[in-house]
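Trainee: As they're listed, the protein sequences go chains A and B. According to my numbering, the stretch in the first sequence is residues 1 to 559, in order. According to my numbering, the stretch in the second sequence is residues 1 to 559, in order.
Some hints could be false.
[Unchecked claim] If the Cβ cut is set under 8 Å, some of the chain A residues that face chain B in the computed set are:
#, residue
1, Asp-229
2, Val-231
3, Arg-335
4, Pro-341
5, Val-364
6, Gly-500
7, Ala-507
8, Asn-534
[Unchecked claim] Label-pair restraints from in silico Cβ distances:
#, chain 1, residue 1, chain 2, residue 2, range
9, B, Glu-263, A, Leu-220, 36 to 44 Å
10, A, Pro-423, B, Lys-447, 21 to 29 Å
11, A, Val-488, B, Ala-411, 25 to 33 Å
[Said to hold, decoys possible] Chain B is nowhere near these chain A residues, computed Cβ spacing over 12 Å in every case:
#, residue
12, Gly-117
13, Val-126
14, Lys-162
Note that these hints are calculated values from the structure, not bench results. Don't be surprised by glycine CBs; every beta carbon is placed ideally from N, CA and C.
The primary structure of each chain is shown beneath.
There are 2 protein chains.
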Amino acid sequence: MDGKIVGILGGGQLGRMLVEAAHRLNVKTVILESGTDAPAKQINAVGAHVDGSFKDYKSIAALAEKCDVLTVEIEHIDVDALIKAQKEHNVEVYPLPETIRLIQDKYTQKEHLIQHGIDVAESVAVESTEQALQEVGSKYGYPFMLKARTLAYDGRGNYVVKTESDIREALNFLKDRPLYAEKWCPFTKELSVMVVRTIEGEVFAYPTVETIHKRNICHLVYAPARINDTVQKKASLLAMNAVKSFPGCGIFGVEMFVLPDGELLVNEIAPRPHNSGHYTIDACVTSQFEAHIRAVVGLPMPKGFTSLTTTITNAIMLNVLGDDDVPNKELETCRRALETPNASVYLYGKSTRPQRKMGHINIVSSSMEDCQSRLDYIVGDSDLIPEGIESKEKPLVGIIMGSDSDLPVMAVGASILKKFGVPFEVTIVSAHRTPHRMSKYAIEAPKRGLKCIIAGAGGAAHLPGMVAAMTPLPVIGVPVKGSTLDGVDSLHSIVQMPRGIPVATVAINNSTNAALLAIRILGAYDYKWLQEMNTYMNNMENEVLAKAERLETVGFENY
Amino acid sequence: MDGKIVGILGGGQLGRMLVEAAHRLNVKTVILESGTDAPAKQINAVGAHVDGSFKDYKSIAALAEKCDVLTVEIEHIDVDALIKAQKEHNVEVYPLPETIRLIQDKYTQKEHLIQHGIDVAESVAVESTEQALQEVGSKYGYPFMLKARTLAYDGRGNYVVKTESDIREALNFLKDRPLYAEKWCPFTKELSVMVVRTIEGEVFAYPTVETIHKRNICHLVYAPARINDTVQKKASLLAMNAVKSFPGCGIFGVEMFVLPDGELLVNEIAPRPHNSGHYTIDACVTSQFEAHIRAVVGLPMPKGFTSLTTTITNAIMLNVLGDDDVPNKELETCRRALETPNASVYLYGKSTRPQRKMGHINIVSSSMEDCQSRLDYIVGDSDLIPEGIESKEKPLVGIIMGSDSDLPVMAVGASILKKFGVPFEVTIVSAHRTPHRMSKYAIEAPKRGLKCIIAGAGGAAHLPGMVAAMTPLPVIGVPVKGSTLDGVDSLHSIVQMPRGIPVATVAINNSTNAALLAIRILGAYDYKWLQEMNTYMNNMENEVLAKAERLETVGFENY
Chain A
1 MDGKIVGILG GGQLGRMLVE AAHRLNVKTV ILESGTDAPA KQINAVGAHV
51 DGSFKDYKSI AALAEKCDVL TVEIEHIDVD ALIKAQKEHN VEVYPLPETI
101 RLIQDKYTQK EHLIQHGIDV AESVAVESTE QALQEVGSKY GYPFMLKART
151 LAYDGRGNYV VKTESDIREA LNFLKDRPLY AEKWCPFTKE LSVMVVRTIE
201 GEVFAYPTVE TIHKRNICHL VYAPARINDT VQKKASLLAM NAVKSFPGCG
251 IFGVEMFVLP DGELLVNEIA PRPHNSGHYT IDACVTSQFE AHIRAVVGLP
301 MPKGFTSLTT TITNAIMLNV LGDDDVPNKE LETCRRALET PNASVYLYGK
351 STRPQRKMGH INIVSSSMED CQSRLDYIVG DSDLIPEGIE SKEKPLVGII
401 MGSDSDLPVM AVGASILKKF GVPFEVTIVS AHRTPHRMSK YAIEAPKRGL
451 KCIIAGAGGA AHLPGMVAAM TPLPVIGVPV KGSTLDGVDS LHSIVQMPRG
501 IPVATVAINN STNAALLAIR ILGAYDYKWL QEMNTYMNNM ENEVLAKAER
551 LETVGFENY
Chain B
1 MDGKIVGILG GGQLGRMLVE AAHRLNVKTV ILESGTDAPA KQINAVGAHV
51 DGSFKDYKSI AALAEKCDVL TVEIEHIDVD ALIKAQKEHN VEVYPLPETI
101 RLIQDKYTQK EHLIQHGIDV AESVAVESTE QALQEVGSKY GYPFMLKART
151 LAYDGRGNYV VKTESDIREA LNFLKDRPLY AEKWCPFTKE LSVMVVRTIE
201 GEVFAYPTVE TIHKRNICHL VYAPARINDT VQKKASLLAM NAVKSFPGCG
251 IFGVEMFVLP DGELLVNEIA PRPHNSGHYT IDACVTSQFE AHIRAVVGLP
301 MPKGFTSLTT TITNAIMLNV LGDDDVPNKE LETCRRALET PNASVYLYGK
351 STRPQRKMGH INIVSSSMED CQSRLDYIVG DSDLIPEGIE SKEKPLVGII
401 MGSDSDLPVM AVGASILKKF GVPFEVTIVS AHRTPHRMSK YAIEAPKRGL
451 KCIIAGAGGA AHLPGMVAAM TPLPVIGVPV KGSTLDGVDS LHSIVQMPRG
501 IPVATVAINN STNAALLAIR ILGAYDYKWL QEMNTYMNNM ENEVLAKAER
551 LETVGFENY
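One chain only, chain A, in its complex shape (with noise of 0.2 Å):
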């Protein structure tokens, strides 16, 4: 839709994603790179494609002629030849050629970030000279970070300067480039979040996500970080704070660093897709991809931009990197990625190389948990291949009693979880005879899957609310009466917990509601359950209804 051409510098993966995302708006695009067979290319079958670098003046131009809107797909290109293709062939270009100036040196970025109030690690921009090193390790101390300012990817203009002698090696290691120097910054986690912005001005973030690199290269990405909401929450503003001190449009990625007391410095800013944002392809609604398309040709944003498709999507994405030492290797993790259920494979049409991103791999499931468990089996860490979420039999409530003498009583319930279908497993945990077993089995409960647990007790009943004292997860107590007292006493031990634990407590020796309480609880949600809970109440009263029927046709005496 739209009608504008859009001009993309660079032929990459993140090219070629962007290509694809615009295929589906039916937006055209013309790319530029060298060699016919570049990946954005092998997907695009516009014949009229650009041969050509991004770093010539001519190339960008012969591109500028083709399109309505320029925008990149990496930062290295060379800015003054795309501003002045921008001005020759009235072209707009997004991000603007003045922010990719910006960006292209780490060390003006972080001065810009810090003019914007935007905190960053502390940094100094050195000469290339032993003396200036040394006086830089007497104010930050050692370690320090020595960093190249342009050209710097992957980790390939950074060098450790970890004492006063390594300063040589450092200089010779990075020699003949600009650089500067970074404060060691000790920090405990990575995040990064995509952030679009709208011609308008808008930003709307995507959620906060965590990396993990190996080799200095992104290995994994999990989907939302694993950290608190707070710290989600305050990257999601320093992302988006960040994005706003860049006029123009277009989508970014800002990788962060956690420090151990939670505070968080912007460590560097890409003015394109990221590797970070690959997992938005299959976990939220509008990828990266399309977001920066929508951004840069003025097509709407969906209003509020919600990122994920559920409050409860989790994502893993793998890079699948080459083989070290056998070509292709590597798709033999593609392949069981391909078994795993779960599980998508985005493979580039590069030829293989080691170490060279050749593809990812997005995991999704509602537990970070099951991703992780899928992941296992995709690296090889396990050999057993997780099974497809619909296809669960794991139990997703669990009844327990502190003795089998209550049995009978709640084998009434279970056999309500049976008529209705809901996986469910029974056991015996006391919890004055096995407290260990039971405080085990309280936590344990919510990554084991189950939903909601059922405990049955007489007498002194502290099984109950003890679960409940060791497990997030509602626990629905059943007081079931003994030989004396008629239940009440397990009934009050069972409802009146203190304020800050509660039991959802059901009537004396009536498992039969407890089990149709966990069927709700299930329903709350899983809107099956809530469909099959709906039809149990029409029978229900249709039974009585039926009685009335019977009652008022034959009399209360020959009833």
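Mind docking chain B on chain A? Use the hints.
Mentor: This is chain B only, laid out in the frame that chain A set:
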């Protein structure tokens, strides 16, 4: 991966979406279609597509020469030519040519299904004479369907013979085509199931969906179908059995009728991706297109084949058809979809024509009601853009009480929900004084998105039980202590519910625990709340430990 090149007969939107899926797996594709701008060719850089007809031997042979496997995106191809090309060029062909031939003739298709024990509407091959049709009329009664055996799609080969006097017109409408007559099938719904078959003969079914036609063209697809689980399951089994009857591999679309008694008849089968499976792009991890590509090149299928991402994904697909009057006016619908959170737009790169399939829109959400409200906006039935799911401030928990005199007790629980950031609502609903308001509240609660209701009541305390009797959601009862009997009256009234209708009862006056229980219920499915509960419990533990430390330090006398 895999290295096999796939040739596709046909270059329309189904071919386009197959090509997209193949790209992701780095499976190369070549298209056979007339012209150079077919939808599937637009997104594929292969310079050497075949320009020709899929009904022409030479063109098919030219395709076969370039490929290892041939497949189809349309069944109206020349089967004899395909078989000849297959033999001469030694390529695999999936679906098998024999299957395509069998399915091309809708009457032999039906005979085949009957032979394999699949229920279909009663039908008979007929001569194109008035006499033959009169005989059908007296056998089947009126109305009956007269259908072309071949080349029929989107209702274009069907004629409803309402009375004997329609026969001449019917013959005229379908003249010169081989015909069959079908007994009138008074269906209540149309269902469809996509089934993929691997070369080993395994079949995997996608969820059962409901299709809504308008002017004989697919208009909407609801996934899953809005029909009970039993019928859904039956449809799935019927579809899998039908597809098992065809050797070879690939994806099949199985269309079915639901009769008034809930029985199912297969209407017809498409040996290729199908319009009713477009929702799988967004609602399923592996789309129908990827499943087909995996099947025909022999890549692994997900073990156990989980189709939906999560058990709570619902989807609606809307076809975007060319506007009847104003060219490209249908793009306005697409713009509205772009504005709508949770909707995705797919355009096929075709020039517009009235009623032409120009694209489709997928909507995904955790509830069908939510999908529907988004659809209402997109088609212009509503002017309210539905909010993103994450920005929902729709209440998840409802707190109700019989009288404002209960508020001091219930407000404590409300503060807990507020502290946790749980969206909730508080109101007065009296079982005895506002019985109809109570019914309405209870019945509408699930539709409004409530996950759980907390009801406080004193004395006779009927509110929690009565609400539980009219809603399938979990209801938490808080016994409120009155001026006499210490609240034991309310406790017993709330907790001692009859079998069938549970109320999760907490301690007398303890609305804190009611709120915490509600959060645990949310946490059973929504990890965010589970984490919040964990944090809360940790803090509670730490507080007590701090007190313990203080007591131990300062001694019990100075504490």
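Trainee: With reference to the structure, classify each hint as holding or not holding.
Mentor: Verification of the supplied hints:
Given the 8 Å rule on beta carbons, the hint for Asp-229 (chain A) holds: about 7 Å separates it from the nearest Cβ of chain B. About 12 Å separates the beta-carbon of Val-231 (chain A) from the nearest beta-carbon of chain B, more than 8 Å, and the hint is not met. Annotation: interface hint on Arg-335 (chain A) holds; nearest CB of chain B at approximately 6 Å, less than 8 Å. Using the Cβ-Cβ criterion of 8 Å, the hint placing Pro-341 (chain A) at the interface with chain B is satisfied: the shortest such distance is roughly 4 Å.
Among the interface hints, the one on Val-364 (chain A) holds; its C-beta lies about 6 Å from the nearest C-beta in chain B, closer than the 8 Å criterion. Against a cut-off of 8 Å between C-beta atoms, the interface hint on Gly-500 (chain A) holds, since the closest Cβ of chain B lies about 5 Å away. At a threshold of 8 Å, the smallest CB-CB gap from Ala-507 (chain A) to chain B is about 4 Å, leaving the interface hint in force. A cut of 8 Å between beta carbons decides the hint on Asn-534 (chain A): the least distance to chain B is about 5 Å, and the hint holds.
At about 50 Å, the CB distance of Glu-263 (chain B) to Leu-220 (chain A) disagrees with the hint of 36 to 44 Å. The hinted range of 21 to 29 Å is satisfied by Pro-423 (chain A) and Lys-447 (chain B), whose Cβ atoms lie roughly 27 Å apart. A hinted range of 25 to 33 Å for the beta carbons of Val-488 (chain A) and Ala-411 (chain B) is consistent with their spacing of about 30 Å. For Gly-117 (chain A), the non-interface assignment is confirmed: its Cβ lies about 26 Å from the closest Cβ of chain B, beyond the 12 Å cut-off.
Against the 12 Å criterion, Val-126 (chain A) stays outside the reach of chain B, whose nearest CB is about 43 Å from its own CB. The non-interface label for Lys-162 (chain A) is consistent with chain B: the shortest C-beta to C-beta separation is roughly 38 Å, beyond 12 Å.
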